[in-house]
Structure formats: C-alpha cells, structure tokens
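Visitor: So the sequence lines, in the order shown, correspond to chains A and B.
Per the numbering used here, the first sequence starts with residue 3, numbered consecutively.
Per the numbering used here, the second sequence starts with residue 525, numbered consecutively.
Possibly wrong hints are sitting among the right ones.
Said to hold, decoys possible - Quick list of the computed label-pair ranges, beta carbon to beta carbon: (1) 663(B) <-> 16(A): 51 to 61 Å; (2) 643(B) <-> 77(A): 52 to 62 Å; (3) 743(B) <-> 47(A): 41 to 51 Å; (4) 68(A) <-> 670(B): 49 to 59 Å; (5) 77(A) <-> 742(B): 39 to 49 Å.
Said to hold, decoys possible - Computed footprint of chain A on chain B, listed as stretches where at least three residues anywhere in the stretch have a Cβ under 8 Å from a Cβ of chain A: (6) 579 to 586; (7) 589 to 596; (8) 599 to 612.
Stated by the list, open to error - So these bits of chain A aren't anywhere near chain B, every CB distance computed over 10 Å: (9) 16; (10) 26; (11) 33; (12) 65; (13) 101; (14) 106; (15) 109.
Keep in mind the hints are simulated off the structure, nothing from the lab.
Glycine included, every Cβ here is placed at the ideal spot set by N, Cα and C.
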Amino acid sequence: MTRSSLLVLAFALAFAVAILASARRHRTEERHTLAWLLVCAAIAALAIWRPAIDLLARAMGIYYAPSALFFLSLAAVLWIVFRLSLDVARQKEQLRTLAQEVAILTVEREPAATFEHERESA
Amino acid sequence: MGETRPLAVLLAYEEEAAIGRTVEELRRELPEAALLVVDDGSSDRTAAAARAAGARVARHPFNLGVAAAEATGLRYALRHGHPAVVRMDGDGQHDPKSARELLGAVERGAELAVGSRFLEREGFQSSAARRAGNALLARIVSSLCGQSVTDPTSGLRAFGGRAIPFFAERFPHDYPEPESLVWAHRAGLCVEEIPVQMRPRLAGRSSLTPWKSGYYMVKVTLALGLELARGRSRA
Ligand SMILES: Nc1nc2c(ncn2[C@@H]2O[C@H](COP(=O)(O)OP(=O)(O)OP(=O)(O)O)[C@@H](O)[C@H]2O)c(=O)[nH]1
Ligand SMILES: [Mg+2]
C-alpha cells in the first residue's frame, strides 16, 4: 500500500472515530451519523482500491480521473450544505413561533393593575 | 375571552423616545380599543416606557422582524377573542383617527383594510426615492392582485374576519406588507384601501437607511416574483 493510500485511510479512520465519539455523546442525530459514516466508508474504499477512481471516471466519461473525484465530492458537499440550510430555516421558524408564544404568555402574567387602569380610561 | 373591543397593536423596536407619547395619544384618542405594544426585542427601554404609559406589552425575547411582530399581535387577538385588530407604528406616525376609519371598514365587512397615503395624496408623503419605490411596488402588486393597490408598503392596516387567523398563522419573511397583500388576494380575503394621512415620526430614528431601502426593494421584488411563479404553477 502506498504512503498516500495510508494517509487517506488514516484520515477516513480519524473522521469515523470523531463521528462515533460525537454520536456516543448524543451530539448528532442517527441519520446524520449514518450519512457521515457512509462518506468515511467511501473515502476508505477509494483509498484501498485505487483503480476504482479510474473505473468511475471512465464510466462518467471523464478523461482526467481526479476531476471525477472532485466532481463527486463537491456534489456531495453541496448536497449536505443544502440540506443543512433547509434544517436551519426550519429551526428558525420553530424558534420564531416559540418566541412569539413566550411573548404572548408573559403579557398574561403581568400584574392586573395595568388592565384595570386601561378599563377605567375606556 | 368575551372580548368585544378591537385591539390596537403597536409595533415598536428601539422606540423608547416615542412609544410613551404614542401610547398616551392612542389611549386618549382611541379609547374604544384595547392596546398591545409588541416590543421586538429592543435593547433600549421601549417595553418599560410603554408599560409606564399604560399599555400591555408582549416582548419578543429577541428581534424577530416586523412580520413576526404583526403575527404576534394577531395571535394575541385570536387568543383573547378580539374581533378586529389594527396594526400601527410605535413612532406616532399613524393617526388614531385613521385607525378608527380602518376599524370602521372592517366592521363593514373588509377583512384587510389598508391605510393608503396616496389615494388622496395628503399628509406626510415620505421621501421622493421611497415614493418612487412605492410606486413601482404598487404596479407589481396591483397586477398580481388584479385590483388597484396604491400603497403596498403601508404598515397602517386593520384585520378582521378570516384575515386574523390567516395572518396569525403565516407571514412573509422580513418585510411583509406587499407580499401579504398578494397572499390576501390569493386567499380570497376582502381587501380594501382607505385614504389616510400619515405624519412624520414623533421622535427617535428611522430604522430604514438608504442601504436598507435598496435591499428592501430587491428583496420584495424577488418575493413578488416568487409569488408570480407560485400563482402560475397553481393555475
Ligand atoms: N417589530 C419590529 N418593528 C420594527 C422593527 N424595526 C422597526 N420597527 C417598527 O416599525 C415601525 C416603522 O419603522 P420606521 O423605522 O419608523 O420605518 P418607516 O415608518 O417606514 O420610516 P420613517 O418614515 O422614516 O419613519 C416603527 O413603529 C418601528 O418601531 C423591527 O425590527 N421589528
Ligand atoms: Mg416610521
């Protein structure tokens, strides 16, 4: 095995350990854990079985094999970032609803004095 | 519950200099309405000043924007059974008399009554640049609605009937006024424009800088473009 293969393999392994460590402390969701582990597995597989890259490039009709790799990894990263932005938007929505609810509930807990005051003037 | 008064919702963000007088004027000039100030996470003493002047205050724990603040007012009205809501600026630009006229329109059956500065071209008319922006938006919104709209950015508006639950539940992002008009039309709500006069703000600073206004135009035009696409795909 070449030095570069070992390097990539070590990276994939370290990444996988980091993912599992976070998962163990409940800091990731299962579906994310699974997705990231699959990414690690794919990286490791390419590191071990080098001809896969050439096969892949040929299948995609790409002459320069590393381009195929760049394309695939970029597409994967874009997809993940896009999904994350959807998540952020959803959470923002939920947070906003929660804040509105808090605002409304705290009005109701205010001293009745203000209410009386207002009725008098009405 | 059992609430029969309309609700006046004042939107306030960093308005400690003006909110007190605005609340006082409203209690004096519009005594038939209950009053709620929505303080949108101001860092100054807006909430305290509003309370001192005798208003109930709903305070967002952080800034959520005008659209969400309006929806908070509507949610509150829904929960307490107020039959009509008029939304006003916290800086004193909106005349209580105009608010009463809008509430009158709601009573006569309008579900969204919008106060327009440009139907009769009287009172405070804002800067030339903003009038031009407004005119452009008015044309886009009018064509999307198939009904003449002269003041799509007006924040002086009253809600009644189905419009209260409708806009309590959903609201456009950021700057809601032009988009919400299109939504209201699409939902088949009865929308009406009423001529009103506005005034310069009482005190404090405008939240709209030239930069923000420019961004506002681009953002709202994009939002309206999306609205157009949605309409097409539905048809
Ligand atoms: N809820 C909420 N209200 C805001 C926010 N920014 C401004 N407002 C309120 O919205 C109203 C209108 O804002 P202004 O800054 O006066 O804008 P304007 O009336 O269009 O502009 P001027 O004519 O220059 O006063 C005021 O009552 C503000 O307090 C915000 O981030 N959230
Ligand atoms: Mg103003």
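Visitor: Confirm or reject each hint.
Guide: Results of checking the hints against the structure:
1. 663(B) <-> 16(A): 51 to 61 Å: Given about 59 Å between the Cβ atoms, the range holds.
2. 643(B) <-> 77(A): 52 to 62 Å: holds, 53 Å
3. 743(B) <-> 47(A): 41 to 51 Å: About 45 Å separates the Cβ atoms of residue 743(B) and residue 47(A), which means 41 to 51 Å holds.
4. 68(A) <-> 670(B): 49 to 59 Å: holds, 56 Å
5. 77(A) <-> 742(B): 39 to 49 Å: violated, 30 Å
6. 579 to 586: holds (count 8)
7. 589 to 596: Holds, because 3 residues of the region 589 to 596 of chain B bring their Cβ atoms closer than 8 Å to Cβ atoms of chain A.
8. 599 to 612: holds (count 3)
9. 16: Fine: 38 Å to the nearest Cβ keeps residue 16(A) off the interface.
10. 26: Holds, because the least Cβ-Cβ distance between residue 26(A) and chain B comes to about 33 Å, which exceeds 10 Å.
11. 33: Answer for residue 33(A): holds, closest chain B Cβ roughly 27 Å.
12. 65: holds, 39 Å
13. 101: Check fails; 5 Å does not lie beyond 10 Å.
14. 106: violated, 5 Å
15. 109: The assertion about residue 109(A) is violated, with a minimum of 5 Å to chain B.
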